[in-house]
Amino acid sequence: MIDYLDGLLRSAINPYYYGVLVTAGINIMLVLSLNLVTGFTGQLHLGHAGFMAVGAYTAGILATAYKWTFYPALLAGGLAAAAVGLVVGLPTLRLRGDYLAIATLGFGEIVRITALNLNITGGPFGLRGIPRVTNLPLVVIAVVVTYVFLWSLVRSRFGRALVAIREDEVAAQAMGIETTRMKVTAFVVAAFFAGIAGGLFAYWFRYLNPSSFGFMVSIELLAMAVLGGLGNLLGSVLGASIITFLPELLRTTYPAIAERRLVFYGALLVLIMILRPNGLLGSSSESGWLEIWLRRRRRAATVAPEGPGAAPGGEPHGAA
Amino acid sequence: MFAQQLFNGLVTGSTYALIALGYTMVYGVLQLINFAHGEIYMTGAFAGLLLVTVAKLPFWLALPGAMLIASLVGVTVEFVAYRPLRRSSRLAVLISAIGMSIFLSNLGLWIFGPATRSFQPPFRVATLELAGIRTNTLSLLTLGLALAMMTGLHYVVTRTKLGKAMRAVAQDRDTAALMGISVNRTIAFTFAIGSALAAAAGVMVGMLFNAVTPTMGVMPGLKGFVSAVLGGIGSIPGAMVGGLVLGMAETIGVALLSSQWRDAIAFAILIVVLLSRPTGLLGRRLQEKV
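Residue numbers (the working numbering), protein chains in the order written: chain A, 1 to 320; chain B, 1 to 290.
The set of hints was computed from the structure by calculation and includes no laboratory data.
Just so we're clear, the structure is a prediction, and the values are computed from it rather than from any experiment.
Heads up, the beta-carbon is just placed ideally off N, CA and C, and yes, glycines get one too.
Treat each hint with caution, since some may be false.
Between beta-carbon pairs, the in silico distance windows are [what the hints assert, rightly or not]:
id: 1; chain 1: B; residue 1: Y155; chain 2: A; residue 2: L234; range: 49 to 59 Å
id: 2; chain 1: A; residue 1: L234; chain 2: B; residue 2: Q120; range: 54 to 64 Å
id: 3; chain 1: B; residue 1: T53; chain 2: A; residue 2: Y18; range: 42 to 52 Å
id: 4; chain 1: B; residue 1: P64; chain 2: A; residue 2: E167; range: 40 to 50 Å
id: 5; chain 1: A; residue 1: V170; chain 2: B; residue 2: K161; range: 31 to 41 Å
id: 6; chain 1: B; residue 1: D174; chain 2: A; residue 2: R298; range: 22 to 32 Å
id: 7; chain 1: B; residue 1: R134; chain 2: A; residue 2: M216; range: 35 to 45 Å
id: 8; chain 1: B; residue 1: R83; chain 2: A; residue 2: L5; range: 44 to 54 Å
id: 9; chain 1: B; residue 1: D174; chain 2: A; residue 2: W293; range: 24 to 34 Å
id: 10; chain 1: A; residue 1: E291; chain 2: B; residue 2: N184; range: 19 to 29 Å
id: 11; chain 1: B; residue 1: M219; chain 2: A; residue 2: Y4; range: 43 to 53 Å
id: 12; chain 1: A; residue 1: A256; chain 2: B; residue 2: K56; range: 24 to 34 Å
id: 13; chain 1: B; residue 1: R167; chain 2: A; residue 2: Y16; range: 52 to 62 Å
Sample of chain B residues with no beta-carbon within 10 Å of chain A, all distances over it, derived [to be verified]:
id: 14; residue: P64
id: 15; residue: S101
id: 16; residue: R117
id: 17; residue: M179
id: 18; residue: A192
id: 19; residue: L222
id: 20; residue: P237
id: 21; residue: L281
For reference, chain B alone in the conformation it holds in the complex:
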């Protein structure tokens, strides 16, 4: 029973981790909480749903398609709402971010209506039992995809030129620009990757719960952020660990208390982390620069 809960938590946690990566990467390069990230996740879920039901694409094409669409939306958000504010105060950018989030979720409500839409997986889902844990192929696929994407991201960030540029911009934007790195292009690229990962999470969660709504991004968005803070905001491995830990903590909490308190657990964890260890599990201590 305990192992079952832990496994369920791992599947949920892997989707939180995918969302958290977008938060943490954007925070790394811009020191900005991208409030609109939850809405990018929602956009990805809708894009996936429409590609499967309207465009009749097979899953292996619909998923990258949704990721691509969400990337374009993410880069557009950055271009419209954040780039003009590069030299503005942090407060101005934060307000712009919250405005973008409200705009996108309500635009979604306007276009798609408030009703929940069903998202049937376009392939047959088989139930199976592994070492006493009941699961299905969809959950396993979610977990597998999440782990594969995280491995891929790790490779991109540590081994490629673009990843190196991202790390340089995160460390010091001005010096990176002096070294010939195109800061704006690197930031746009960061948004593209983060949005694609969020979209993948959105599509998988949409199918896992068989439900897609315009407001679906709010809670997972917050939980992705909590995961990022838990792991140490700005740290990519931290976001992965934070997501998995939060997912498991949540399912265990629900098993011990009741499902009504599911969403409160994330906030409780956030408060405890902020009070005891604001830099998170894997974050480095940041000194305020003058």
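Okay, chain A solo, but in the shape it has when bound:
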């Protein structure tokens, strides 16, 4: 069934765009799971590529050295990433949010350095000989499963607890939410999906190299999540799609910009936080300058026609 669908798709889409679509799907999975931690729970996570690497290398090593088949290896990759997530999250999530940012950053680097120095990962030469099993229909199914799972998760009692933690951790705790347990659970779930995405990545590219999982990959994922909107799952799909396709489109017309895209990602993160912290589709109690400015304009527009007395700033002083 999947093979039949894949045959249809391959005959319809040119191979280059087929590859871009697979990458986009994998990125969507990664950004959706990152959004659970950073968007819904409000914990800045800078090592998501590390979980992806754990999943990718686990699946890749099981496939090459131990001749495992696709589905068990993929699942093992997800579970390995989840286990690592538990080990990293348990001590660090008890602390203030900022420490998590640094700890996850360090974790991502440790994963990369470990992959670089171990024999079983192929070190700097990378891991070769993984069969190509991942295809577009499989990725689409994985994305849909991830989306539906996370969608029902964030709408559950658990999801509401996560949002409460994001909005005010102290108040959430006072309401009887076990904040650490909730945060760790969200982190482990996110790690699991990132690990699965990593496995799909391994079975698609057939070759793994530590440099594919560096810090900048984590930043790219964060930029996708922020652009789409923190705390909005559809936003993650949108953000991941835009940031995956845009460099591909620019690569032919403006190669210089595509090459230097990280400069723009950095500026993008700052600008979005200032102008519209909710990204394109996000939801939270925060409003950026863009919203404040629009609101002011709207208010000015409704006040102005009231006659000559309604000069700017002539509102009653309680209006602000």
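Go by the hints and put chain B onto chain A.
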């Protein structure tokens, strides 16, 4: 041999301490990890290099020049990326900080290219031996400058009006504002000092390793942060102690294991500190305010 390692660690550690001070001061006034601090250090190193090689300035003018340029960049970063977010959530400011860091390091790559540039000290460096420790005038100068700047900072923070304002803002921003302190100006001043110290470290490290690259800020930036956490984030003496301890722990670790693990040692220390004593060596226990 052991004394030699310890001395080398002390020199490296003094540069970590200079970087850590910027982190800890900014954390004190804003409760923000200024991710862009490592890039300010890189900016300082490049400014120093260009002032020496292009502007042909002598060292004693190039160093303050680099510090001044880095201060301006640091204050600009604060003005552009952090000030508009004063009332936003911590997450928004953190993301803005990480964005600024990525922006600056990649802008550096864009302008200067990825190649490593050599930074020859503009003065003659003599090798010498003191009590069985081989060293050179450049290392001694680094150590001396770092200690002098830390002493100067201590004086500024404890004895001047601006230092008092900084401490007041760190303690309670709103009350400080009610007392007539210009909070924004104090924060900008904090960024200026922290950036100047980082730039001094950048220039000295650039000359010590004879290498300046746009990505040079990443690792020292992280290690400066680890030093600040080790000493107790928010504590100025803590940052000094943390930097020196981390530098020495690293060189001893490298001597015992191998140089491949140099960068892992800092992270290991960070994890141990976070697990056992999150407030660091000299930090005070902070209660979450409602």
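Okay, the hints, checked on the actual structure:
1. Y155(B) to L234(A): 49 to 59 Å: For L234(A) against Y155(B), whose Cβ atoms are near 55 Å apart, the range 49 to 59 Å holds.
2. L234(A) to Q120(B): 54 to 64 Å: Since the Cβ atoms of L234(A) and Q120(B) sit about 56 Å apart, the hinted range of 54 to 64 Å holds.
3. T53(B) to Y18(A): 42 to 52 Å: 50 Å, holds
4. P64(B) to E167(A): 40 to 50 Å: 46 Å, holds
5. V170(A) to K161(B): 31 to 41 Å: 34 Å, holds
6. D174(B) to R298(A): 22 to 32 Å: 30 Å, holds
7. R134(B) to M216(A): 35 to 45 Å: Since the Cβ atoms of R134(B) and M216(A) sit about 39 Å apart, the hinted range of 35 to 45 Å holds.
8. R83(B) to L5(A): 44 to 54 Å: 53 Å, holds
9. D174(B) to W293(A): 24 to 34 Å: 25 Å, holds
10. E291(A) to N184(B): 19 to 29 Å: 23 Å, holds
11. M219(B) to Y4(A): 43 to 53 Å: This hint holds: roughly 51 Å between Cβ atoms.
12. A256(A) to K56(B): 24 to 34 Å: 32 Å, holds
13. R167(B) to Y16(A): 52 to 62 Å: 60 Å, holds
14. P64: 29 Å, holds
15. S101: Label violated. Min Cβ-Cβ 7 Å, cutoff 10 Å.
16. R117: 19 Å, holds
17. M179: 25 Å, holds
18. A192: Nearest chain A Cβ is 20 Å from A192(B), so the label holds.
19. L222: L222(B) is in fact no farther than 10 Å from some Cβ atom of chain A, at 7 Å.
20. P237: 21 Å, holds
21. L281: 16 Å, holds
Checked against the numbered hints above, the structure breaks hints 15, 19 and satisfies the rest.
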